[in-house]
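Start from the sequences, fold in the hints, and give me the full structure.
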Amino acid sequence: EDQVTQSPEALRLQEGESSSLNCSYTVSGLRGLFWYRQDPGKGPEFLFTLYSAGEEKEKERLKATLTKKESFLHITAPKPEDSATYLCAVQGAYGNAGNMLTFGGGTRLMVKP
Amino acid sequence: NAGVTQTPKFRVLKTGQSMTLLCAQDMNHEYMYWYRQDPGMGLRLIHYSVGEGTTAKGEVPDGYNVSRLKKQNFLLGLESAAPSQTSVYFCASSTTTSGRGEQYFGPGTRLTVT
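Sequence order for the protein chains is H and C. No gaps in the numbering here: position 104 of the first sequence is 104 in the numbering used here, and each next residue is one more. Adding 113 to a residue's 1-based position in the second sequence gives its number in the numbering used here.
What the hints contain is simulated information worked out from the structure, not anything from laboratory work. Heads up, a few of these hints could be off.
As the list claims (entries may be wrong) - Here are the computed distance ranges between Cβ atoms for each label pair: (1) C/M140 with H/K59: 19 to 25 Å; (2) C/P152 with H/Y51: 30 to 36 Å; (3) C/S131 with H/G29: 27 to 33 Å; (4) C/M140 with H/K63: 34 to 40 Å.
To be verified - List of simulated lysine-lysine pairs, BS3-like, C-alpha gap at most 30 Å: (5) H/K79 with H/K69; (6) C/K127 with H/K69; (7) H/K42 with C/K127; (8) H/K42 with C/K183; (9) H/K57 with H/K79; (10) H/K79 with H/K59; (11) C/K170 with H/K42.
C-beta atoms are modelled at their ideal positions from N, C-alpha and C, and glycine is treated no differently.
Okay, here's the thing in structure tokens:
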């Protein structure tokens, strides 16, 4: 059974204070690891897909990295508009004809001005 | 291009009532999904579909039924609502293109069962 654990559950940062969010996972054959952003009252918004250990992807102040056991979402010099819940999900390769995702519980990020 | 849309946005039901949630996507995606999101539980898959006329059970299917009569629509039904089905429901879709496994989500339906 695929499992995803995100830490911390909540993170408070001052504007400009860089930090990282962690996503630990176990999966039978990783097809992809996904990061989403979710604002209150809205659906998750796709950010990145990582496919293999060592891969990195960047978007504005966000950079996602991947190892064989975990992924990090690094936030550099965050701004208040980066405040949201960040979700991590994995897609296993075996017995997954429906391309299903297994989600973690999310990290709620709050950036104060 | 509206992406994934959901109807209604909010609904209040009494225990035992029935309702149908509608999901529509205009991206010509083959796969569609229904999730529920509860505090402390994260997103959990209810049912999914890999194409028109096909459906399959996810992690928490009990109490729900689905239908996919048209490629662009995926309906979620509650035959006899229970308070435990109070939740926020999200629909998502994805393509089968190799290397493109990401799912795109709708805005959600907030359902309260009293």
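Going down the list of hints, with the structure as the test:
For C/M140 and H/K59, the Cβ-Cβ distance of about 21 Å falls inside the hinted range of 19 to 25 Å, so the restraint holds. Checking the proposed 30 to 36 Å range against C/P152 and H/Y51 shows it holds: the Cβ atoms sit about 31 Å from each other. The supplied range of 27 to 33 Å is broken by C/S131 and H/G29, whose beta-carbon atoms lie about 40 Å from each other. Separated by about 27 Å at the C-beta atoms, C/M140 and H/K63 break the suggested range of 34 to 40 Å.
Only pairs whose Cα atoms come within 30 Å are accepted, and H/K79 paired with H/K69 is accepted, the gap being roughly 29 Å. The suggested pairing of C/K127 with H/K69 is violated, with an alpha-carbon distance near 45 Å, which exceeds 30 Å. A hinted pair counts as satisfied when its Cα atoms are at most 30 Å apart, and H/K42 with C/K127 qualifies at roughly 25 Å. Between the alpha carbons of H/K42 and C/K183 the distance comes to roughly 25 Å, so the proposed pair stays at or under 30 Å and holds.
Of the supplied pair hints, the one linking H/K57 and H/K79 holds, its CA atoms being roughly 19 Å apart against a limit of 30 Å. Simply put, H/K79 and H/K59 have alpha-carbon atoms about 14 Å apart, close enough for the 30 Å limit, and the pair holds. Distance check on the hinted pair: C/K170 and H/K42 sit about 25 Å apart at the alpha-carbon level, within 30 Å; holds.
Hints 3, 4 and 6 from the earlier list are contradicted by this structure; the remaining hints agree with it.
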